[in-house]
Amino acid sequence: MRAGYRAAWGSSPVQVDEVRRIAVYETADPGVVIAEHVVVGSLPARRTTFTVPGLLILHVHGGLIARARDYMDGLGVISARE
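18 is the number of the first residue of the sequence shown in this note's numbering; add one for each residue after it.
In short, the hints are calculated from the structure, not lab data.
Yeah, the Cβ is synthetic: ideal placement off N, Cα and C, and Gly gets one too.
Check before you lean on any hint, since a few could be wrong.
Claimed, not checked - Pairwise CB distance ranges, derived in the manner of DEER restraints:
#	residue 1	residue 2	range
1	20	80	17 to 23 angstroms
2	40	76	34 to 40 angstroms
3	49	28	25 to 31 angstroms
4	39	19	16 to 22 angstroms
5	44	64	39 to 45 angstroms
6	23	76	20 to 26 angstroms
All chains should be modelled from the sequences, with the hints used to inform the complete structure.
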């Protein structure tokens, strides 16, 4: 999963400096993990910085991540690129 994120962000003009964990939420299903985070980074070509909030939902089965859903503030992403 980390390799996938590195590849995705690595092909972007955006430089991710930090991913801050805000909260981890318990659910009724022990196989579901919900994590709130903020991505902090910069766009070197424009010399700008940004923070974009997001939510990650992981479904775990047999100790492995079976599904990952990553939601980010779309308007925040657009603003970071402008």
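For each hint, the structure was consulted:
no., hint, in the structure
1, 20 to 80: 17 to 23 angstroms, "holds (18 angstroms)"
2, 40 to 76: 34 to 40 angstroms, "violated (18 angstroms)"
3, 49 to 28: 25 to 31 angstroms, "holds (29 angstroms)"
4, 39 to 19: 16 to 22 angstroms, "holds (19 angstroms)"
5, 44 to 64: 39 to 45 angstroms, "holds (41 angstroms)"
6, 23 to 76: 20 to 26 angstroms, "holds (22 angstroms)"
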